[in-house]
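Protein chains in written order, with the numbering used here: chain A, 1 to 292; chain B, 1001 to 1330; chain C, 2001 to 2408.
Treat each hint with caution, since some may be false.
To be verified - Straight-line C-alpha distance at most 25 Å; calculated SDA-like pairs for lysine to any residue:
1) C/K2103 with B/G1167
2) C/K2255 with A/R32
3) C/K2146 with B/A1040
4) C/K2103 with B/V1093
5) C/K2127 with B/V1093
6) C/K2362 with C/P2143
To be verified - Residues on chain B that point at chain A, a partial pick, calculated with CB under 7 Å:
7) G1125
8) E1137
9) A1141
10) P1146
11) S1147
12) V1250
13) T1251
14) A1280
Said to hold, decoys possible - Quick partial rundown of chain A residues pointing at chain C, CB under 10 Å, derived from the structure:
15) G9
16) S121
17) L122
18) S125
Derived from the structure by calculation, the hints contain no laboratory data.
Nothing here was measured: the structure is a model prediction, and the numbers come from that model.
We treat Cβ as the ideally placed atom computed from N, Cα and C, and that holds for glycine.
Listed below are the residues making up each chain.
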Amino acid sequence: MLFEFAVIGGILLGIYYALFAMGLNVVFGAQRIINLAHGDIVVLGGYAAWELYETAHVSPIIAAVVVLPFAIALGFLVHRYLTPRLTRSSDPETLSLILFFGLSQVIEAAASLIFGPNEHSLPTSALPVSSLHLFGESYPGIWWVAVLVSIPMLAVFLWLLYRTPFGLRVRAVMSSASEAATAGIESRLVSGLFFGIGFGLAAAAGTMGIFIFGGIAPTDGVALTITAFAIIVFGSLGNPVGTVIAALIFGVVTQLAQVYAPSWSNLVPYALVILTMLLRPQGLLGRRQRVA
Amino acid sequence: MSLSARRRPAVDEETKRPRWRGVVSPGMAVAIPVLVFLVAVHVYSNELLLVDMAIYIALAQGINIIYGFTGYLPFGYFGFFGVGAYVAGYGIVHLGLSGPLAALLGGLGGVVVGAVMLPLFRLKGAYFALTTLAVGEALYAIVSNPSLTSVTNGPYGLNLAAVYSSGWSFGMAVGLAAISILAVVLIKNSRYGMTLRAIRDDPYSASMAGINVARDRFYAWLIAAAIAGVGGAIYGWAISVFYPQDVFDVTVSVFAIVFALFGGIGTIWGPTLGAAVLYAVYNVVGVSNPQYFQLIYGLVIVLLVLFAPRGLAGIARYLHEHRPFVRSST
Amino acid sequence: MAAAASMVLAACGSSSSSTTSSTSSAPSDITIGTAYSGSGSYATSSLPELDGLKFWITQENKKGGVYVGAYKKRIPVKLVAYNDLSSASTAATLYNQLITQDKVNILVADFGSVLTAPAVSLAEAHKMVLFDQTGTGIPFFTPSNKYIVLCDLPESDIWPDPLAQFLIAKNVKRVAIIYATNDFDQSQAITLKSKLEAGGITPVVYEGVPTSTTSYTTILQSIEAQHPDAILELGYQPNDTAFLQNVESAGLHPKMTFTVFPGQLLSLFQSQVGTAGLKYTYTYGTNLYVNYPNVTEGLTTSAFKTQFAAAYPGQLNALSLMGYNTGLVVEGALKNAKSLSQSAIRAGAEALSGKMTTVDGKFVLNSEGAQTGELLPVAQLFPSSAGVTLHAVYPASQATASAVYPAP
């Protein structure tokens, strides 16, 4: 009974985690950069949901859509103005990590200056549903709402990537920027937009994260980034489908750990990173690539 | 800080060499900070703050050794710090060790964890950095686990008040800073340092030239781990009561990396000055307005990476090289 | 938020104070040093506590300062307060700064056991009396440590006494206890469990979770599988908020839900959890909800409420009352102390025991420096026009309403 709860709950949360981690993988795909500010963008999305609800009574579900253009624009600007200098430097990979780490600190500081350092949470009455029952167990309404927000977003994203001309260009740029350029694709524009979409997905996930994570605080960013990193490396970097599968597994494992060994459940994302990196650095669906 | 008497880029008329090279010889790089600390403790009586600063100098130099000389950036550096604090605390509480002896045991704890992490060197750049971060967080999750309360005292922390000694812990912290700087001086001016740089710049050629890449990199890693282990041990001993989240704190890594980067990676003086200056600024501005401090150092990181990846030392060198006609201001 | 770190409230801006104890000339001011959490998980509790202390200082300085018995005159009070960011290690450095560099006369701890812990050992090592506000963890109070005075709350193991009695009286058989693993909550959990067991109740769930926990959904599901009548969650404010939210969102309706902090920060809980999630839950009542018309020190309850609310609009809660009470304990200690030496100040505080009544009730100190007065009743939150209203329900001597059990 608890087992069923953990598995079904894990799948529900896993769908949300797929949205939550996807943005990090998208940014990686666009620029070969691990966006250490990913968790902070998620947190910003949460603040947006909080602000919109508290000042204008906008439902967090609508907020998930409202934040998209702003986050995409932010990502686009970051890509346009910060990354070009990096690619010219001696050690772009490590320096980009440090750069985005600096960005994450700036966002954290700005968030605490604007919203104060304390945790912000929204009452569950901000969402329209109460708990739902399935196979004799009740699951919190917020999990269902998060799923109902995540599925369309992920579906639109995957449709965009695999079924539209824009997606074709993105995939062309991702596989080889120089070849795409010679084929007449404005690769900077395309990868900039894609980079922005990564930020957009993160912010959209944040609007639900304020419920899923039990509130948000400016300092939550780092831990969220590690969790997202765990999911995308487990599922294979640069592979969106891998992220979805990894997120589902991660959700179920975390829930099982919370039910059967609650004090060890915090260890799950870290153990996942370490084991993946040591045993199968290319991830679940990955072909052998340059991570090791 | 009375470190302001450091370098005045100027050219010595007789030798045609920059004067500061002669003044700030490698020995001075160790002696000056030690002297400054010994004077400071008589002027400024909150020795705990000076202990922290000395430990951060050591940690920044530890980052310098592993990142500056091998190119591997360990975000999870705080893991060694926490393990050192806990191993030492265990030695004090359960084995009845004295503080200094426990600090050395803490260093050993850091070395053991460092050795266990050896396989991570298969990973490159960002993957290595983030995986060490996961290791640090995993160590925290284990040490603070309520299930292990009988071993680590779990989330309830350690109380070392019984062996509290502000004088001894201060002395040990300054000693650790001195040894860390000395380690960098010795590495930088030795064949080993050249080897490490060769590995960093081009591991394949280095191994072709008969260098045992894995072994030499491993030594640097263990030295850095030992420094953080001893540093954590002294820190825990000096503050006498600590919880897991105080010593397994990602901020420790962040500060050490930012300080080293700010001063200049790969140089002898850079991390010392970076830690001294920024930690002092942190205590004047940061503690009262942490958000502003975080904002500033976040921006500093971004600007450094974009415009001055070699830090203060790089800026100083640039100024020196581009303004050869400036006379000494004395 | 005005984040001034080294806040200095001085009636007359005088130079540094000399703390040498038995000199004939009085110091120009009495410095009080404290740490507070401007951010992090303890900020919501620490900031109001600091406001209470500042309010007391302003009140005293309006009268020309605090009365110091050793000099038979009023001396202005100066506050030095540093922000520890909710970090115990930062707090350690700051306490050391207050002791060694600022050489304050009176050392006051930050909120809660976690942030008080480093002050306890530093104060003892430097032979400074620590005015411990709300750090009630049992390990702090030992016969050998003469340098601690717990001001505003009883020691942790006294807290659950009325709660255990209430559960036994209501014949609640299946009790689930879930606590955050820190000195404060663990001390209570241990005591609660042993008192319940002595009363014939064996908890069906007894589990610790990290103090950083902000999601209780899955744990609640495991608890629910044991079909408890009462779920007691002992945490800090962020834990309690998340717990109550999760109980509501999971659609659980236990007969009784208990958390620690709504009684101390009711308006915050009202905004974060909402009426639906709070109604009929239980908490510790605090002296904010008790009227003390006759006090020996400071303002009466009604005078405090009006004057504090005027000085710090919207900040009145149980913790600001406690911060104010810390000031009153310091005031009493300084009045009684024969000199400004730390041992005389401690003796001055000890002399207050059993003789002082304030807005925070009767002050009773045991030989280890722990409070044994100021008992916290069990209280329940009743829905009202303003959201929820707190009423003490147990013990009968303090009750202002009768408990609605099981919760409707």
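Restraint check, 7 Å cut-off on beta carbons, for B/T1251 near chain A: violated (10 Å)
Interface hint outcome for A/S121 [beta carbon to chain C under 10 Å]: holds (6 Å)
25 Å limit on alpha-carbon distance, applied to hinted pair C/K2127 and B/V1093: At roughly 23 Å apart (the allowed maximum being 25 Å), B/V1093 and C/K2127 satisfy the hint.
Closest C-beta approach of B/V1250 to chain A relative to 7 Å, hint status: holds (6 Å)
Satisfaction of the B/A1280 interface hint, Cβ to chain A closer than 7 Å: Not OK, violated: B/A1280 not within 7 Å of chain A, min 19 Å.
Hinted contact A/L122 with chain C - closest CB pair below 10 Å: holds (8 Å)
Chain A contact restraint for B/S1147 - C-beta distance below 7 Å: holds (5 Å)
Hint check, B/A1141 versus chain A [nearest Cβ-Cβ separation less than 7 Å]: OK, holds: B/A1141 within 7 Å of chain A, min 4 Å.
Agreement of C/K2255 and A/R32 with the hint, judged by alpha carbon distance not exceeding 25 Å: violated (54 Å)
Given pair status - B/V1093, C/K2103, alpha carbons within 25 Å: Violated: C/K2103 and B/V1093 sit about 31 Å apart, past 25 Å.
Distance restraint between C/K2362 and C/P2143, which requires alpha-carbon spacing of 25 Å or less: Holds, because 23 Å separates the two Cα atoms, which is no more than 25 Å.
A/G9 as chain C interface residue, shortest Cβ-Cβ below 10 Å: Status holds, d = 7 Å.
Hints 2, 3, 4, 13, 14 from the list above are not met by this structure, while the remaining hints are.
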